[in-house]
Amino acid sequence: MIAGSTSRLAERAFASAGLLSVLLPLGLLGLLLAAALAAALPRLSVGFLLSPLSRDPAQAGIYTAALGSALLVGLTAAIAVPLGVGAAVYLEEYRRQGRFARLIELNIASLAGVPSIIYGLLGLEIFVRVLGLGRSLLAGAATLALLILPLIVVSSREALRTVPDSLREGAYALGATRLQVVRGVVLPVALPGILTGVVLAVSRALGETAPLLVLGAVAYAAAPDGLMSPLAALPVQLFHWSARPQAGFAADAAAGIVVLVTILVAANGAAIVARDRATRGQR
Amino acid sequence: MSAPRWAAARVATPSERLIEAALSLCGGLSVLTTLAILWVLTSETLRFFAAVPLRRFLGDTAWTPLFADARFGIWPLLSGTLLTSAIACAVAVPLGLMAAIYLSEFARPRERAVLKPLVELLAGVPTVVYGCLALAFLSPLLQQVVPGLAGFNALSPGIVMGIMIVPVVLSLSEDALAAVPWSTREAAYALGARKLPTLFRVVLPAARSGIAAAVVLAVSRALGETMIVTIAAGQQPRLTLDPRVPIETMTAYIVQVSQGDAPAGSLAHQTLFVVGAVLFGFTLVMNLLGQRLSAGARRAG
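One line per chain: the protein sequences are A and B, in this order.
Using my numbering, read the first sequence as starting at 449 and increasing by one per residue.
Using my numbering, read the second sequence as starting at 176 and increasing by one per residue.
In isolation and in its complexed conformation, chain B is listed as follows (with noise of 0.2 Å):
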């Protein structure tokens, strides 16, 4: 409901009006944080292509700017990203779907108390302590298991990652089997149906939509991740779908190349602002299409 309509007819002293006028400034300055996004990414990366063709940056397989012989192909860093993404959506989607499905429809409401908190923790666990825990003890870990794993690999942190993002596609998916009615259910269970076929036939069918956000905002969330594959996925930009040896995804090269000296207008700095601008082109597209589904669904529910 909205504040009534003779509330906003009154009088307006001048110190309300300006109590409106910057409460309107805070709102506007999300407006304004995303223009400074898109220019500070533009500006950059045009200066960037004013001195590396396009056709360098995604017709080369190798990226190595810092070089002496420096090349800008981006598949490298892209294949990293991708990697590391596939195998973090490979652990959270099944894992974060079965556990949004337990939670709403089998768990009892006490059971889900407890537990549905204690998932959600697994998202205030900072970054950086999952990318410590991938590299210091999952690696060796599964060093002992998986034949030729080095020590830096896309295969830890993308697991380590995977757990991190359990909870987005829970909570996610968990509204969505809430929105389709309980009506829904009881129609299937009054025609005989058990409750693995409501389940499978009537309740994910309603609720598709929803969980199709839930799997794209976790590969959006995947795609930017920095820290895990920083620490744990080794720095080494290689074309390779291998998830045994060390690779670099797009975040780590930002990473690494701000530890590193890039002075302001050098090639080097550039390249920080052209990677971030593909990074934030795809995880805008995912993001999109996440806000798209879910707003699906809820006309649906």
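Just chain A, same shape as in the assembly (with noise of 0.2 Å):
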């Protein structure tokens, strides 16, 4: 009895910590957040969404970063969509077997936990220099499609596989070609899982900084107005606003932390929640 009564409250007290391990890291960044907020609030308004950047930290907006930003994500999207899901579809419908594509498959293992300062080494050398793209908006996305590209194969590879095999074989007693049936059945089928992994790639360079920074991006831009304009992105400016030593400045930084953590937050949570649906669904 003593016993049982014993290995219950040990029961008990070891799930406890377990429940508090769950809740510590989030409690502990929600705290942090909240402090960013408060630091923030001052600065939070239309004005600083809208305004350009200034060396005036009470008159400095996003505007110009944002921008950079989105076309520098857009592009990279633009890149790195195509080639990714060619890949995914390729190991997946074409080559499953193969030396060729067992190659294939043990490099976007490796090249997934390549820290992403190296990609931002190999973007200088090879994007930034040798083809002569200099510290521009191309370069940099071309940078972050190769940083991302992994991911959204590994995330549209398992999108194809949720695609049952009966589905492929219909088509194929129909009489249609390989690409008739990949075009016709199997991406629209798993055209949800992929793109949820496109929008937790997306976000991922779109909060990406260090290879930015070791391309040479720049703090103090004019808008960008095309492919070749000068490399500038929103977490670039929050680097740069936290190097600077005056209040202002970390006011500024608080309230881009606030924006890009909004942004992110809510893309994340939403391919998250369509993802646990769609994995629920299928048990």
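These are computed hints drawn from the structure, not numbers from a lab.
Each hint should be verified, as a subset may be incorrect.
[Stated by the list, open to error] Covered by chain A, according to a simulated footprint, are these stretches of chain B (three or more residues, beta-carbon under 8 Å):
#1 310 to 324
#2 391 to 400
#3 420 to 434
#4 449 to 458
[To be verified] Negatives, chain B to chain A, calculated, CB over 10 Å:
#5 227
#6 228
#7 233
#8 254
#9 387
Ideal Cβ placement from N, Cα and C applies to all residues, glycine included.
Hey, can you piece these two chains together into the complex? The hints should help.
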């Protein structure tokens, strides 16, 4: 009896410690974000979103940097999504076995673990210098595209794998070619899963800072107007504000944090919920 | 299941073949990326060692490549990286593992459905945000508790980095626990074992290689993390294991130098790639080890 009740107590204590381990990181981040929100309040306004950068912290806004980020991330997705989904279709629908497919698979797994700053060094040498793109939005987008490519390939392959083989066989039985099967049957069914992965990968690109700094992203730039505009982005702006000693810029950085985190938490949250719904539907 | 064999045997039209070739190029791009990374790091590293002998790289205890009296000892940057990574893992591994045990063995399904996505959001917050939070809010808070803590230090970014890595440890260890068949637990219960002894003597030992993989990949993530340590750790290369003083990691050095003027061909420029190569080597070893461990876990599970 006594042994039974002490072990029940131990179980309960252990479970509480487990719950605490889940809540502690969330609580700490919540606390720090609340502090950031408090520091940001005087600066958070529509004006902050619509003002260009300024050397006066009270006048500065994120308009230029946010526009740079929007262009950068749009361009990154335009490069990475077709390539990533294409590679996933190749690996899942065309060559499931074979030495080349195995090599690509191993490669993608290793690339996913390469630190983002190494991609920055790669982009600095290949895109900025050898290909002569300079410190431009295009060089930044190409670098970020290589960075998120493994994420897109992995999540798209998972989505393609959830498509039942009976659908493919049905289409083949009707005389469809492989391309027709992929385009008409497999991709439409896998699309929600692919999109979820794309959203997660693109939000990763939106928050990436280190590779852009290595490429030579600038703190002060005119509003971007094309692919070859100087590389500027919202997270880079946060970094520069956080490095300045004046208190005014600390408030600007806090306000930028609030904006960036709001966008990313919304995007990530939607993608995670959509993915959990989809996987629960299958079970 | 693989695509039916007879589908491949169909007569492929030229356009079909073109599509397949294009798709294989998409896959081939990843191989090209790896080769490019290796080439870039190796070529610049060789150029560096043509100018600076390996003896000065491994035998010196100071890293001042941009000073007039240039010294090239990698140890201060290595110690900074290892220190912040150790702090991060000291936070992330116990929390992540306990959280995984809780979510997979104790939590009700509905509780898990709410908590798991919330924790995953921790990984979606950009690292630059974590860095700003560490510098502007956590460091001042810690200064009130830890005597002698400088404004820039290894402790605060280490802790914040640990929070960021919790989801990595959580999801990999949870997968490892889920791979242990329920029948194993039921067998232990049938022998009269209670929940905790079953967990410690049956479930965790069975999941150990998957959990080890989670730890190894967490270390790899911490070694390569850049923005948090760049912003909050101080960018001062210093050979120390004291978490209270400013230090510099390998990643932060790369950012610091690329912010200044380091023209191509200069020694400063080459140090970027040498440090990058050392970092790449460390994370590669960790990732290969992690892959091997998790492959072992899958075979066992």
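Hint compliance check: list the failing hint numbers for this structure, sorted ascending.
Hint check: nothing fails, all pass.
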